[in-house]
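Student: So you can see what is in the structure, the chains are spelled out below.
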Amino acid sequence: MGVLGQVSLSEPLPVTDTAANEFEAAIRDHSRLVYRIAYSVLRNHHDAEDATQETFIRCLRSLRRTVVRDWRAWLARTAWRVALDWRPRGREISMDDAAEAIASMRVAGANAEEMAGTQQMEALLERLIAALPNELREPLTLSTVEELASPDIAQVLGIPEGSVRTRLMRARQILKEKLSAVLEGKHGR
Amino acid sequence: MEDKNHNQFVDELLDAGLARYSNVTPRPGLEGRILANARAAQEQSPWFVWTSWLASGAVAAAIVVGVLALTHLRTPPPPPVAAIKREGMVTGPRAEAGPAKPNLARQRTPALLAQHVARPKTEPAAAEPRLAQFPSPRPLSDQEKLLIEYVRHTSAGILSASATEDTDIPELEIKELEIAPLDAGTTETQPN
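Respectively, the protein sequence lines represent chains A and B.
In terms of our numbering, the first sequence has 152 at position 152, counting the first letter as 1, and numbering is strictly consecutive.
In terms of our numbering, the second sequence has 183 at position 183, counting the first letter as 1, and numbering is strictly consecutive.
If you are wondering where the hints come from, they were derived from the structure by calculation, not from laboratory data.
Remember, it's a predicted structure, so these values are computed and weren't measured experimentally.
Certain hints may be false.
What the hints assert, rightly or not - Under the rule of at most 25 Å between Cα atoms (straight-line distance), these lysine to any residue pairs were calculated in the SDA-like manner:
(1) K176/A / F134/B
(2) K4/B / E135/A
(3) K176/A / E135/A
(4) K4/B / A101/A
To be verified - With beta-carbon atoms standing in for the labels, derived distance ranges:
(5) N21/A / Q8/B: 45 to 53 Å
(6) L70/B / I159/A: 56 to 64 Å
(7) R81/A / A19/B: 22 to 30 Å
(8) V64/B / E135/A: 17 to 25 Å
(9) A36/B / K176/A: 43 to 51 Å
Unchecked claim - Sample of chain B residues at the chain A side, in silico, Cβ under 7 Å:
(10) A16
(11) E31
(12) I34
(13) A41
(14) W53
(15) V151
(16) S155
(17) G157
(18) L172
(19) I174
(20) K175
(21) E176
(22) L177
We put the beta carbon where it would ideally sit given N, CA and C, even for glycine.
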C-alpha cells in the first residue's frame, strides 16, 4: 500500500513493487506536466484529462517490456503524441470577433496584462498559433508549457536544440506581426 | 516614438498571452483518477486478451466447420455420363471401332471425378470433366438405341439381305431425244 500525495492506494498495482513505486512517483511528479502538454494541443480541459489518463495507461502497459530511465522526457513525448492523435482536425480559423474585441480594448486603453487575461485574447492567440505552419507551431506550442525548456522541446520533437530556438524565434516574429496588425485594425481572415 | 511603444506593447501582450496559453491547473484529484484508471485497465487487460483470443478461435472454428459442411452438401453426385458411356461403348457398335477407348475412359474417370469434386461449384467447366477423347463420348440417343435393339434381334441373313436390297439401284432409263428436223423454207430470212 502506497501513498500518493493525498491519495491513499488501497490496492497494490498489478506490477512489480519497483515498477509500481516508479509509476506512482511518475504520477505524483509529472501528471501536471502531462496535463499541460495535452491542454496546449487540445485546448479543452476534458480532453486534456482524458489524454493524461491515456498517457499514463500507455506508460503502465509498457512497464513490463520497457525500462524507463527518464520518466519526464518519456511522459512528455508520449503525452505529445497522444494529444496530437486526439487533436480535432479541420477546425475553422476565424478570428474576426476576437480581433475586434482586442482592438477595441486597445483603443479603450487596456494594458497588456489585462488584455492577455481575456477569453478573446486566448481565442485570438489560439487561432494565430493554429495558422502557423507545423514546423513552427509544434515548438511554439510546447514552449507555452511552463515546465518545458528548449532542450526538453528538442527531445520531445526529436530535433536539435538549435532548430528549436530558431523556429521559436520565427514563430514569435510571425505572431508579433499578425498581432500588431490586429491591434491596428488591419487584420484579415 | 509611437511605433516603439506599439512594438513594446505587442511584445508584452504576446509574452503575457503565451505565458497564460497553457498555464492551466487540472481539476483536483487528477492523480487519484489516473491511478484508479490505470489499475482498472491493468486488471481488465488479461481478461480482455484471453476473451478476444477465445472469441477469435471460436469464430475461426465456426467458419471452417461451415465451409466444410457447405462443401460436403454441395458435392454433386457422379455424373451419369460415365456410366452410360461405358455401357454403350462396351455393347454398342462403337466398341468395335476402338476397344481401347472405354478402358481409357474408365481409368481416367475416378481422377477426373475427384477433380470435379474439388473444384468450386461456381466454375461451369467443372460440371463436365474434360476427357482425352474427342469427340467426348455422349449417352446414346433413342434412335441409336433402337438401332442396336434392331441389330440384336434381327438375324444376319435378313440384315445382309436388307443391306443388299438397299444397295440395288435401278438403272436409269434415258429415252432418246427426238428432235424434229428443221424446215429449210421457214428458217430463211427474206430480204426486205
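Student: Per the CB criterion, is E31/B less than 7 Å away from chain A?
Tutor: Hint on E31/B: holds, closest Cβ of chain A at ~5 Å, below 7 Å.
Student: Is 56 to 64 Å respected by the C-beta to C-beta distance linking L70/B and I159/A?
Tutor: Cβ of L70/B to Cβ of I159/A: about 58 Å, so the range 56 to 64 Å holds.
Student: Less than 7 Å between beta-carbons is the criterion; does E176/B satisfy it with respect to chain A?
Tutor: violated, 109 Å
Student: Grab the minimum C-beta distance from I34/B to chain A and call the hint holds if it beats 7 Å, violated otherwise.
Tutor: holds, 5 Å
Student: With a cut-off of 25 Å on the C-alpha distance, tell me whether K4/B and A101/A pass.
Tutor: holds, 23 Å
Student: Hey, does the I174/B contact hint survive, CB to chain A under 7 Å?
Tutor: violated, 103 Å
Student: Regarding the pair K176/A and E135/A, is the alpha-carbon distance no greater than 25 Å?
Tutor: With a Cα-Cα distance of about 17 Å, the restraint between K176/A and E135/A holds, given a limit of 25 Å.
Student: Confirm or reject the claim that V64/B and E135/A have a C-beta distance inside 17 to 25 Å.
Tutor: 52 Å Cβ-Cβ, so the 17 to 25 Å window is violated.
Student: A closest beta-carbon separation below 7 Å is what the hint needs, so does G157/B meet it against chain A?
Tutor: Hint violated; G157/B Cβ to chain A Cβ min 100 Å, cut 7 Å.
Student: So, as I understand it, the hint says K175/B touches chain A; can you test that by seeing if any CB pair is closer than 7 Å?
Tutor: It is violated, given that the least Cβ distance between K175/B and chain A is near 106 Å, above 7 Å.
Student: Is the shortest C-beta separation between V151/B and chain A less than 7 Å?
Tutor: With Cβ-Cβ at 87 Å, over 7 Å, it is violated.
Student: Do the Cβ positions of R81/A and A19/B conform to the proposed distance bound of 22 to 30 Å?
Tutor: holds, 25 Å
In this structure, the hints that do not hold are numbers 1, 2, 8, 14, 15, 16, 17, 18, 19, 20, 21, 22, in rising order.
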